[in-house]
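Trainee: Please take these sequences and the hints and turn them into a complete structure.
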Amino acid sequence: MPDYAAIQKEETLKAQVFADFFGKARYVYEPDRDSIDFAVTEAAAQNGQDGKRHCFWAEAKKGERDAVSMLTQLVLTCRKTYERGDILPPPFIGCFDSVKIAFLPFHDMLPIFSETDFNWNTAPSSHGTDDFRKAREKVAKLAGKNLAVYRFAADEQEIRAFIRGSLTPAATAPKIPITEYNFTRIFIKWVREVRPSINMSKAEWAEFKDSGILDCDFYRADVMSSGGDTITEKLKIVLERDAYKLQETIKGRLFSTNIDFSDGGDAYRRFWNKYERPPAEKYQQYIVDRRDLLVPQNIREVKGSFFTPKIWADKSKEYIAKVFGENWQDEYYVWDCAAGTGNLLSGLTNKYNVWASTLDQPDVDTMRSLIDIDENLNLLSGHVFQFDFLNDSFDKLPAELKKIIDDPEKRKKLLVYINPPDTEATNIKETTGTGKSRANVSASRIKDKYFNSLGSAARELAVQFLTRIYKELDGCKLGAFSKIKFINGQNFIKFRQFFRAEFKSGFAVHANTFDNVRGKFPIMFGVWDLNNAPFPQSVTVDIPEEHTVKIFWVNEGKTITDWIKQYDTAKENIIAYIDKRGCDFQNNNQVHLMTKPRNNPKIYFNPINSSNLLVNCIYLAVRHCVEATWLNDRDQFLYPNDGWETDAEFQNDCLIFALFHSQNRIQSRHGVNHWLPFAETEVDAKDKFESDFMSSFLKGRAFSAEASAVNDAGRELWRYYHAKAKTDTDAPVNASYYDIREYFQGRTENGAMNARATDETYCRYIKNLRDALKTLAKKLAPKAYEYGFLKA
Numbered sequence: 203m204p205d206y207a208a209i210q211k212e213e214t215l216k217a218q219v220f221a222d223f224f225g226k227a228r229y230v231y232e233p234d235r236d237s238i239d240f241a242v243t244e245a246a247a248q249n250g251q252d253g254k255r256h257c258f259w260a261e262a263k264k265g266e267r268d269a270v271s272m273l274t275q276l277v278l279t280c281r282k283t284y285e286r287g288d289i290l291p292p293p294f295i296g297c298f299d300s301v302k303i304a305f306l307p308f309h310d311m312l313p314i315f316s317e318t319d320f321n322w323n324t325a326p327s328s329h330g331t332d333d334f335r336k337a338r339e340k341v342a343k344l345a346g347k348n349l350a351v352y353r354f355a356a357d358e359q360e361i362r363a364f365i366r367g368s369l370t371p372a373a374t375a376p377k378i379p380i381t382e383y384n385f386t387r388i389f390i391k392w393v394r395e396v397r398p399s400i401n402m403s404k405a406e407w408a409e410f411k412d413s414g415i416l417d418c419d420f421y422r423a424d425v426m427s428s429g430g431d432t433i434t435e436k437l438k439i440v441l442e443r444d445a446y447k448l449q450e451t452i453k454g455r456l457f458s459t460n461i462d463f464s465d466g467g468d469a470y471r472r473f474w475n476k477y478e479r480p481p482a483e484k485y486q487q488y489i490v491d492r493r494d495l496l497v498p499q500n501i502r503e504v505k506g507s508f509f510t511p512k513i514w515a516d517k518s519k520e521y522i523a524k525v526f527g528e529n530w531q532d533e534y535y536v537w538d539c540a541a542g543t544g545n546l547l548s549g550l551t552n553k554y555n556v557w558a559s560t561l562d563q564p565d566v567d568t569m570r571s572l573i574d575i576d577e578n579l580n581l582l583s584g585h586v587f588q589f590d591f592l593n594d595s596f597d598k599l600p601a602e603l604k605k606i607i608d609d610p611e612k613r614k615k616l617l618v619y620i621n622p623p624d625t626e627a628t629n630i631k632e633t634t635g636t637g638k639s640r641a642n643v644s645a646s647r648i649k650d651k652y653f654n655s656l657g658s659a660a661r662e663l664a665v666q667f668l669t670r671i672y673k674e675l676d677g678c679k680l681g682a683f684s685k686i687k688f689i690n691g692q693n694f695i696k697f698r699q700f701f702r703a704e705f706k707s708g709f710a711v712h713a714n715t716f717d718n719v720r721g722k723f724p725i726m727f728g729v730w731d732l733n734n735a736p737f738p739q740s741v742t743v744d745i746p747e748e749h750t751v752k753i754f755w756v757n758e759g760k761t762i763t764d765w766i767k768q769y770d771t772a773k774e775n776i777i778a779y780i781d782k783r784g785c786d787f788q789n790n791n792q793v794h795l796m797t798k799p800r801n802n803p804k805i806y807f808n809p810i811n812s813s814n815l816l817v818n819c820i821y822l823a824v825r826h827c828v829e830a831t832w833l834n835d836r837d838q839f840l841y842p843n844d845g846w847e848t849d850a851e852f853q854n855d856c857l858i859f860a861l862f863h864s865q866n867r868i869q870s871r872h873g874v875n876h877w878l879p880f881a882e883t884e885v886d887a888k889d890k891f892e893s894d895f896m897s898s899f900l901k902g903r904a905f906s907a908e909a910s911a912v913n914d915a916g917r918e919l920w921r922y923y924h925a926k927a928k929t930d931t932d933a934p935v936n937a938s939y940y941d942i943r944e945y946f947q948g949r950t951e952n953g954a955m956n957a958r959a960t961d962e963t964y965c966r967y968i969k970n971l972r973d974a975l976k977t978l979a980k981k982l983a984p985k986a987y988e989y990g991f992l993k994a
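Taking my numbering, the leading residue of the sequence shown gets 203, the next gets one more, and so forth.
Any given hint could turn out to be false.
Okay, the calculated beta carbon distance ranges per label pair [what the hints assert, rightly or not]: (1) A881 to S813: 16 to 24 Å; (2) S910 to D770: 29 to 37 Å; (3) H329 to S403: 27 to 35 Å; (4) R949 to A217: 47 to 55 Å.
Simulated pairs of lysine to aspartate or glutamate, EDC-like, Cα-Cα distance not exceeding 20 Å [as the list claims (entries may be wrong)]: (5) K391 to E285; (6) K969 to D764; (7) K263 to D319; (8) K604 to D532; (9) K211 to D268; (10) K282 to E478; (11) K347 to D268.
In short, the hints are calculated from the structure, not lab data.
C-beta atoms are modelled at their ideal positions from N, C-alpha and C, and glycine is treated no differently.
Mentor: Below, the structure is given as structure tokens:
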């Protein structure tokens with residue numbers, strides 16, 4: 203009777219379960235195949251014509267875990283492998299922990315791969331996210347009663363019988379359905395495997411192309427077919443009895459016979475045996491209509507997870523030419539060591555001076571396939587190769603490239619031209635290396651080798667790329683896309699001391715112009731000379747989208763977080779807390795006032811009382827008085843000079859700003875509301891307030907015209923609320939600004955506050971208040987720069 207309770211390591215558990223139940227004679231176990239924990243293949247088919255045949259994919263966890271959650275993690279993990287279509291999925295998927303194992307027919311999960319109402323890029327191991335919860339609900343519904351769960355202690359014989367009888371890849375292995383999400387990827391494989399067998403000469407292919415008929419038209423005829431015949435007439439090429447028929451004339455003539463295969467159709471049949479045709483009806487119209495996605499440039503853009511858009515790839519070449527001259531392609535050697543499917547290299551002209559490498563062999567295959575059909579991808583097939591830049595030795599490089607790297611003079615003429623993977627150990631599931639969780643996302647030989655020089659920046663794959671380029675390709679030139687954080691981020695101070703290079707030129711663009719990149723922040727392209735010069739104190743780049751320039755300042759000193767920490771002095775009579783996390787614009791949404799902290803107040807929150815109220819209001823005001831944009835998203839808030847200390851008007855402006863800003867989230871339901879700006883008589887309240895702290899604190903202070911306008915608008919809003927509250931027992935007398943907004947605006951089914959209210963009078967009052975607050979913000983913003991909270 204197997205007992206796995208004492209096993210401490212997941213890898214040990216996987217190996218032991220395989221040894222106890224599967225057996226080496228019949229099966230082969232592959233740990234972490236495409237980040238799938240446990241992949242079992244049929245031993246007899248290891249060297250078969252169709253490659254490995256998979257029998258079982260599973261998620262594994264030590265201890266005792268929820269089976270549906272484990273299965274959900276597997277589904278999120280295996281989607282990439284499934285849609286890539288390199289291998290047929292197994293007949294069964296499942297999961298196991300230290301006490302049980304579960305099996306489910308893969309076919310039962312097929313509908314989920316077409317779902318779009320949750321983010322497939324969520325980290326599969328992040329079980330607490332909303333996206334994982336949504337995915338889990340769908341997995342639970344699809345699995346239903348077909349999820350067979352066996353306990354190792356009680357069901358040992360049943361487990362063995364199930365494996366013997368069911369885990370064979372032959373008859374029960376499902377075909378891969380064709381959807382709008384994978385039909386471009388399947389086309390790339392079709393080009394490689396089927397196109398060469400179509401019985402047409404190069405001259406005939408050229409004749410077709412001149413008439414606007416491409417290989418993708420043959421592919422669509424295949425896809426939209428059943429029983430050897432195309433099921434629609436809306437195509438240029440159709441399939442009849444497994445042969446192609448032209449639907450249009452070419453230069454005034456029709457082909458006299460159908461077009462068949464030079465190998466009798468063997469490659470065609472082998473290929474389509476893996477895929478379900480025709481696609482489901484809900485995908486058919488999309489596939490018929492979106493022929494444009496099968497044009498070579500678009501294929502690369504769909505295939506790449508974070509491809510470089512053509513407009514910015516072209517722009518980057520302009521900037522390289524500005525630095526190195528118009529003849530740079532002939533005078534420099536170019537290596538893209540993170541090439542993906544070659545988007546960045548499209549449009550280069552001197553194929554003898556260009557090399558492209560990437561981690562994944564399927565991407566290498568894609569580039570080599572596209573070379574023949576994409577006139578813009580001007581590469582030599584022998585210059586495209588698989589290479590793990592963060593782990594492999596340079597001894598694995600092609601001989602000519604290795605000669606360049608080994609020669610100090612030639613190396614000075616080497617331009618490393620990349621858009622490296624932007625993956626961090628703390629924010630995304632690993633896509634490279636051998637680990638599978640966030641903790642292992644950055645595991646690599648380069649990280650281990652240079653960790654002491656990089657500090658926390660070593661978690662970033664992009665930094666690891668830059669590190670190896672700088673240290674091991676000494677003296678070369680660099681053209682790289684990157685986030686701005688390595689220029690000004692606090693976690694990159696040690697890296698900037700290590701990375702000594704001269705910035706030559708560059709530009710920055712909105713991140714959302716890159717496919718699959720969410721968020722409002724800049725992505726920069728920079729040209730660098732790795733000549734051991736000190737890292738610059740600032741970097742000035744062009745902003746093509748706005749026809750201006752932007753300075754990104756390098757900050758090696760203290761930040762606003764260091765400044766506000768020294769005012770963590772309130773010990774009693776606490777009236778609120780303020781979140782003090784982060785020191786750049788992207789973290790501003792964290793900075794807010796609350797009645798009680800959610801967790802860990804000593805680390806994240808400053809308690810507030812009368813002694814430090816003003817300074818904490820200044821902190822909130824300077825964080826929110828300057829509008830956050832995609833361009834300043836990574837700008838740092840700094841430790842200020844002491845000018846603010848004698849500016850009473852600035853202090854009072856900040857106090858009023860904080861009182862009436864939407865980040866004032868004081869709620870009376872969580873405790874006494876000490877943030878009532880007005881006395882009962884000022885707003886004709888229906889009863890006495892619990893606290894007069896704030897109205898007393900405001901008495902006797904001189905306010906600017908802009909602050910007074912905010913206060914007056916706020917008073918009108920409070921008056922209107924209390925007029926309503928007199929006849930509504932559910933309206934609390936001690937309502938805060940947040941409570942008043944919630945009262946009128948209500949909440950959605952998901953619990954979020956509605957953006958608008960149905961009460962038009964309230965809408966008028968809240969608009970007046972917000973307009974006055976915007977005017978006050980414009981007055982405060984210059985002071986934020988004058989006192990050094992921000993650099994212009």
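Trainee: Where does the structure disagree with the numbered hints, that is, which hint numbers, in rising order?
Mentor: 3, 6 and 7
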